[in-house]
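2 protein chains.
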Amino acid sequence: MKIHQLLLGLSLSGLFPALAATPALNQDLAFELVASLTTEVGPRIAGSDAERRAADWAVRHFKALGYDKVWTESFDMPGWTRGQASLEVMSPFPQPLVLTSLGGSIGTPAQGITADLVMFDSIEALQQANKAQVEGKIVFINKAMQKDKSGSFYGQVVAARARGAVEAAKLGAKAVVIRSVGTSNNRFAHTGTMKYDPEVQAIPAVAVSVPDALNLARMLEKTDKLTLKLQMNNQLEAAKSQNVIAEITGSEQPDEIVLIGAHLDSWDQGTGALDDGAGVGLVMATGALLKQQQRPKRTVRVVLYGNEEGGLLGARAYAAAHQQELAKHVMAAESDFGAGKIWKLESRFGENAQSFAQQMQQKMAHLGIELGGNETHGGPDVSVLVPAGVPVVGLMQDGTDYFDYHHTPNDTLDKVDPQALKQNLQAWLLMTDTVANSTVDLRK
Amino acid sequence: MKIHQLLLGLSLSGLFPALAATPALNQDLAFELVASLTTEVGPRIAGSDAERRAADWAVRHFKALGYDKVWTESFDMPGWTRGQASLEVMSPFPQPLVLTSLGGSIGTPAQGITADLVMFDSIEALQQANKAQVEGKIVFINKAMQKDKSGSFYGQVVAARARGAVEAAKLGAKAVVIRSVGTSNNRFAHTGTMKYDPEVQAIPAVAVSVPDALNLARMLEKTDKLTLKLQMNNQLEAAKSQNVIAEITGSEQPDEIVLIGAHLDSWDQGTGALDDGAGVGLVMATGALLKQQQRPKRTVRVVLYGNEEGGLLGARAYAAAHQQELAKHVMAAESDFGAGKIWKLESRFGENAQSFAQQMQQKMAHLGIELGGNETHGGPDVSVLVPAGVPVVGLMQDGTDYFDYHHTPNDTLDKVDPQALKQNLQAWLLMTDTVANSTVDLRK
Ligand SMILES: [Zn+2]
Ligand SMILES: [Zn+2]
Ligand SMILES: [Zn+2]
Ligand SMILES: [Zn+2]
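For the protein sequence lines, the chains are E and A, in the order given.
Residue numbers 1 to 444, in the UniProt record's numbering, belong to the letters of the first sequence in order.
Residue numbers 1 to 444, in the UniProt record's numbering, belong to the letters of the second sequence in order.
The shape of chain E in the complex, shown without the other chains:
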């Protein structure tokens, strides 16, 4: 019996953990990879030398793991370098605050911006304000984020981060300060990308930690005139990023591609362990261990996207460069929601392929994974392939704590649970193996 058959056989019969029965497989490989990446490279913001060192790290490790082909594909991007930043209450309660620049924000003039603060409960409330309330002021958007398993409150709150600067500038604000998009009361500020509108004046945008947001709100209960000073010196200039791609070439249908991905770039405050070192470790380990069992029939292509954080730039570059080949992408999936256990398999398959999603989920039932709906986007980067008709799978992780750490200095290796990562790896192996060793057409 081949190792690969043994794996599936045991899993199906519920004799878990199947992988433990195959001593050749290193179940800790995903954890070892994220440990190596976060220790040896650390933070790796898109377009930086650090992201290039991460790409070198990935190429080196793909080769050592026995991948058949390894290459990089570079692309242009608008670069952004974080400078120093400070935000202080000047009067009547002088004290420094904990802040972080949002990714992509311009800096301030050297002397800073000193202005009074005006608070809104949400970006919607800001949009309903009038110019007299906002003009010449620093806008503070103080919207709290709730916790849940699927991170479903992120979308509601992140709008203030993405569009707060534009909405505030429309009403004449000098800068925007948002409450961190996060679920922890640790005094960390949450970064993440923001956008400008060419039609609207660009103003600096920062986030304060949750305790600082609470403190500002208390101050505003005590005074009508709260004056703040923001100083920040970020730099924007053109840069390059790259996708790192590696393949285990299929033995029977090498032109049919099962794409599994994660993003290699990270924000610069933490070491990008949860976002997205864990995903990187998982997909790199999946291809390597599959080959170690037995070369799959279809090609397994691992894509480590560059510059996901700046707005899926690596994903768009990949889609453009591989346009001719997308019809041969039989499935795509991405791991980018931390390192919590997988609890649900979602798909976006054709009508007739529904039963295949069910088959996959049944192979994972012993891991505590249920079957979800058929409307997943498959992860941020692979979602870009959905309009081209590429079928996607989402192995949904428990993200209850994800936004405690996400995009803060606290995203470090010690937050990754090696046991939960093992469970993830088993699911990724089962999913990838199932599709790569079948002839199923998931588009149908």
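Hints listed in this document are in silico derivations from the structure and should not be mistaken for laboratory results.
Treat the numbers as computed from the prediction; the structure is a model and nothing was measured.
Some hints could be false.
Identical chains blur together in the list; that is why a pair holds if it fits in one copy or across any two.
[What the hints assert, rightly or not] Capping the alpha-carbon separation at 30 Å, the derived lysine-lysine pairs in DSSO-like fashion look like this:
hint, residue 1, residue 2
1, K341, K147
2, K147, K422
3, K222, K69
4, K297, K422
5, K328, K63
Place chain A with the ligands on chain E using the hints.
What follows is chain A with the ligands alone, placed relative to chain E:
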């Protein structure tokens, strides 16, 4: 029946909460005070303008709370101002680390200190090292701290903070980096005071967060030669601090003093909510509410010490200035261990006064407070009065989480549990009332 008798009567009969039966008393007063201090003043490092603003805040609030006398006593101190600090791994794994200068540390030359790292498990291991291992290097002391209710592991670990620079310099080190003295894996670095020895070369001393300490240890598993660069520009110059003192004058023995204290200074990274805003709120509220019930027979003196953090300088200044009066201090106690519930009453009384400790504890039994030993020091600042024979009480708080927050940016108001603070206030009221309305001699 007077309110004050009602309070004690109900408490003794176990009909708790007694204070809830006296609507005139504001049970939230301690929380309101710490909220006000941390919001309106924020961080207040000893010798700074912020500490002076805190003193002004205290004078203003003591007066508003109806204290009979309020004054400040200033004293000289060696000032220290935190500058910028950075610590980077230069090779082979370049990345920035999260650090904080230890209080009192000198800075580096402008170009920084670049040197290889040598790790020790503890200060004891460093002391056993030889010069060849350490000379010209940056020493890293990587000792973890365990958690418990009484914070008893702090003493074991804090030696590296206090004396690490001296021990490392004795062997020719260029700088010392310690693992944060704390019990959380949040990526915060823990500050706190350190000392130099005039006989030994002064070298810079910093702490890295626990995740960074773990990362450095992992790096050292992968390489023998790990090069770091430390840059830091602190300033040391003479400064002034002050104790703020307020009294509720006794109705019958005004010259007999019951001293209740806390320290007004805080480290600068957080807002000093747990250390020691909570204590400040508690003792300020205790005197005010006692007077509101009925003026006590003995004088209740509230002392808010300046510069506790730099080494009990306010406590020493108080002891010197009030030397003639110490024989009239019938008891002293300090609140300086956060805002956890009180679970034990400890004392340091004369033999014959033991039964009085028991009486006090019985009045608090309904609050879940047991009787501890007779060897307490009463808190850091009042411990200075013990050699002069002043009897002290320790109302011991549950500090299980204290060192998750202590001396980090995370020491903010949202970490103070208003309910636990109410329990504290009730115990402080009962203790202070009992002694201030008795004629007991606790020295006997
Ligand atoms: Zn991500
Ligand atoms: Zn992200
Ligand atoms: Zn303290
Ligand atoms: Zn302290």
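Using 30 Å as the alpha carbon limit, work out where K147 and K422 are close: within a copy, between copies, both or neither. Both, since 24 Å and 29 Å are each at most 30 Å.
State whether the alpha carbon distance between K341 and K147 is at most 30 Å within one copy, between copies, both, or neither. both (16 Å within a copy, 28 Å between copies)
Is the C-alpha distance from K297 to K422 at most 30 Å within one copy, between copies, in both cases, or in neither? So K297 and K422 pass the 30 Å test inside one copy only (25 Å; across, 68 Å).
For the identical chains here, do K222 and K69 meet the 30 Å Cα criterion within one copy, between copies, both, or neither? between (64 Å within a copy, 27 Å between copies)
Alpha-carbon proximity between K328 and K63, which holds within one copy, between copies, both or neither at 30 Å: Within one copy, since 24 Å is at most 30 Å while 79 Å is not.
The structure shown violates none of the earlier numbered hints.
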